[in-house]
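**Student:** The chain contents come next:
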Amino acid sequence: MNGPLLFLPLIPLLPFAGFLLNGLFGSRLPKPLVTLIALLAPLGSLAIVVHDAYLYWSGALAVPAIEHSAPAWISAGTLHIDFGFVFDQLSLTMLLIITGVGFLIHIYSVGYMAHEEGYWRYFAYLNLFLFFMTVLVLAGNALLMFVGWEGVGLASYLLIGFYFKRTSAADAGKKAFVVNRIGDFGFLIGIFLLLANFGTLSFSEIATKLAANPGWQGGVLTCIALCLLLGATGKSAQLPLYVWLPDAMEGPTPVSALIHAATMVTAGVYMIARNHALFDRSPLALTVIAIVGTATALLAATIALVQTDIKRVLAYSTVSQLGYMFLGCGVAAYSAAVFHLMTHAFFKALLFLAAGSVIHGLGGEQDLRKMGGLRKKMPITFWTMTAAVFAIAGFFPFAGFFSKDAILYAAFLQGTNGKIFWAVGVFTALLTSFYMFRLWYLAFLGKPRSPELHPHESPWSMLGPLVILAALSVGGGWIGIEKFGGFLSPAVGPMPTKGGSSSLELTLSIAAVALAIVGWLIAHLLYFAKPEKPAQLAASVSGPYKLLLNKYWVDELYGAVIVKPILAVSRFLLEWLVEFAILGGLAWLLAGLAMLSGAILQKWQSGNLRSYAAWLAAGAAALLLFALVPWTSVLANFGIHLNLVHFYGAGR
Amino acid sequence: MNAFNDSILTLILLVPLAGALLIALLPDRGKLPAWLALITALVTFGFTLHLPAHFIVGQPGFQFEVNRPWIESIGISYHVGVDGLSLWLVVLTGLLAPIGVLASWNAIKERRKIFYALFLVQQTAMVGVFISLDLMVYYGFWELSLIPMAILIAMYGRKDGAKAALKFFLFTFIPSAPLLVAILWLYAHTGTFNFAELQPLIASGALPAGALFWVALAFLFAFAVKVPIFPLHGWLADAFSEAPVALAMVIAGKLGLYSMLRFHVGLFPEQTKQIAPLLIALAVIGILYGAFLALVQRDYWRLVSFGAVSHFSLIVLGIYGLTLIGRDGAIYQTLNQGIMEGALFVLLGVLYSRYESSQIATFGGVAAKLPRAAAFFVITSLAMIGLPMLNGFIGEFLILSSTFTGVSKGWAIVATLSVILGASYALWLVQRLFYGPESPLAAEKPVVDLRINEWIALVPLAVLMLVMGIAPNIWLPSIESSMNQPQTKQTASSPHLALPALAQAVASGKEATR
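From first to last, the protein sequence lines are chains A and B. Take the first sequence: its position 96, counted from the start at 1, is 96 in the numbering used here, and no numbers get skipped. Take the second sequence: its position 232, counted from the start at 1, is 232 in the numbering used here, and no numbers get skipped.
These are computed hints drawn from the structure, not numbers from a lab. Virtual Cβ for every residue (Gly too), placed ideally from N, Cα, C. Mixed in with the good hints there might be a few duds.
To be verified - With the C-beta cut set under 8 Å, the calculated list includes, among others, these residues of chain A facing chain B:
1) S75
2) G151
3) F177
Claimed, not checked - Listed next, the stretches of chain A that the computed footprint assigns to chain B, with coverage defined by at least 3 CB atoms under 8 Å from CB atoms of chain B:
4) 191 to 203
5) 563 to 569
6) 589 to 597
Hey, can you work out the whole structure from these sequences and the hints?
**Tutor:** Take a look at the structure:
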């Protein structure tokens, strides 16, 4: 790499050092030292990222900066994979979000986790997460990205299961990992396809090859794109693999903020943006992404309407907002998707941290029905949460307005399908506004519903990050999609603007904000003006209400259609029938045969060779069995053609 | 140095045997046999490290070679040597010996003398299998490796050692008979047992092809049972359940897998090509079959045995894909498997010695009392399910990607499903053993976390898992330098199963690439 030093490897390596120190020695170190190590690691990474950002904006740096002489990782035959990093506008944006928000959440955690057993373990895992997440976004090739991809999954597994003595937490961690593995299966096949068709996994080489061959469209590129998409739906909790994310709320709340809202779950969006040159060549794959995103956004928003656990509401809202980002990718508005990724990181991290502050202040209570009237007791939490609620609901001039608007506008410009996506998108925005204000009213306004709870405001180590994130949730979108898109376009291509006009954009914005206001008003009516109304409403439409409350029974459906049949087939068909009855029976048959022939041989032949002869006979019997079964025709049915002329004679 | 290079393999072979003799001669008093075994194993391990230190990477053929006539009347010679294929397997065998002794330190309480003496004989037998280049000598070591194993399973079985030993014995001895016949047939037609002479003779086509098919099959059958591959794995679950951990960690896998590469693929390239599609099919079936069965096991020994069937099948897929990268991956994964299996058995031994139960349902919440064992268990499980940056991923990726690009997309896709199933059964096991509320068994037993001997056994294995995942290039070049054999070119003649549309799309994409 030419030009100034970027210290890219240090960005992941500092948190890794933090992980090693706290992971190996944390249990024996004094707590302040654990805290110091845990905070210095992300702070150092943040400092390097800021330094690199400064180099970029001062013009001292040619981007994309790609490491060409990185250390090799795997060399076998014609395969060469290195630890090469790539630094461009996209990875810079992601790094700023990850290390910035990550550092804030580390600070917050110091207060939040202060009295937890396993404090050192928590921070070791958190640093490990930052290591893998920065590897993920810096990776210059698909396999190195896969390292980060799986690694963040590991950190997520460990942190969801942090309270491992709780069965639900251990369950949720395992579920997250396994469901993600279904996506990773797709990612791996995508990697194999890239290797088979491009002969390389380097993103820049793949993009170069694509640019050199403008005729490549669809076909195998669609296969690759769809495989990668399967990976993205796992990590980013989209249909049909979103089911792990709500359960992931079993982890400590700062983890939900950092991993399951702001950063890790956006990896799918990042991966699609990183490979946009490939996705651009497959209109089919893009349409699928848009459909998946839109459907997920709507479905998750409807579930969020009726949830009563404050973190679950936020979890479904995360799934829903990630759906918007997918919609953005699906209409090739990658910079709008990344823009929303950024503003979402601010306001969703804030929502979770504020919710954490509430939970902390209520001594662990997460049920919205038991809250109420917290505004007076927790003023700073209340006001910062308010900023986040307005931001996610899409009110002008809060951050979420600009990014969500950019996605919906880009969708609207995409023909008839785009109009449908847009319509579903704005309807979802109405729902979003409703369920967020519902949460806001239930938690902070009205009268306290549980006199036995004694809420108190959180310490400043927790409130500080809230205030900073609140400022970002308000102002984080002011840069506007035009400037942001212009900044990102070298890395992810320009925003589609065909057929658009500023008057159309303005009209659509006004419509979206109007619907958001409607959502607010309904929430106000139901949860503030007439608090007895929701229960009546639920009773009057009990069918749909139950459907939503039970999350469409998707978990139960997956259990009944996938998990149970797999276990049943494994136990009854494979274990009992094949393993015990057929193979076990055969083994004993052969053993019996061997002993029998041994006994027969014994009668007319003596000497120590006899047992050997028995084994020989049995071996011959086994070989005979092998030869008698018409393997070739059995296998031919499966498409395997053995070329064994001498097996049955040359004539056949 | 040269003199040492000439005698190093003999030393590695004979030191354990000498140790066994010494143990047999000295009295069975206290921990004396264990200490002697530990010292012997450490010395041997030290000698094995000489090999990679002086191995010349990129040089084709065997190194540290010794070839002396032994029983001249029937043409048996003492011919030993290592190449990239066997180099690290010898080192691995050396490494696992002291770890096996440490794992047995507290577990073996009686008749230590017999145990450690036979353990060291077993050690010699395994090294002999890896370094022998004379088929008759190789066969001798192959058989020798079965005997101490069977005796020790019978003597130290947990519940019904005799039955498991008999099963192991029958399963592995029966196929040895045709192997011996096949070796003798080769000798009758060529007049030599020497691998280096046989290889060109067979390749030249001088031997009748029809008979060679059966000869190759006899070789393959013996190896396939020893690995074991589906459907010949019937002995494994019982052997895992009954064998002392020090032996369970070496009972399956590497001997058979090595022999496949050296004496089946290596000696019979034509016959290998013919039968490869069948083995690819069996391997992929085995990958899924083992994983599915591991999902529903109630006993952890049985669970890991089916997991092992799945993992070994993946290696067989790499071997019989007959691609260079697949072969690299297969050898690398064989090493990985030895390390991961070693750690896994030490850890299960830790659990069994403390709780005396292998029923998964009786466990739960053990992590609270055994946090360090739990941490090692999690790391080992993650390595086994192929988490990148740990060793299992490298082998898995090399095998699956080479199968996909060079052999068959359909089989590769089906085999890749193991990444989901593997994670499912492994993490479910972790959860049921270590997480959740404490089970009655875990609550009532006063247990201590890892003892010093267990700690010393596990740390090097865990470090290796990490280093082999991050820096596989320490090993891969020397492994690849064994590739001076003509038959392992990239072959594209294998069948395309399943997803014909995808295969077609991929094919058209390939054309577009050109």
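**Student:** Compare the structure with each hint and give your call.
**Tutor:** Hints and how they fare:
no.	hint	in the structure
1	S75	holds, 5 Å
2	G151	holds, 7 Å
3	F177	holds, 6 Å
4	191 to 203	holds (count 8)
5	563 to 569	holds (count 3)
6	589 to 597	holds (count 3)
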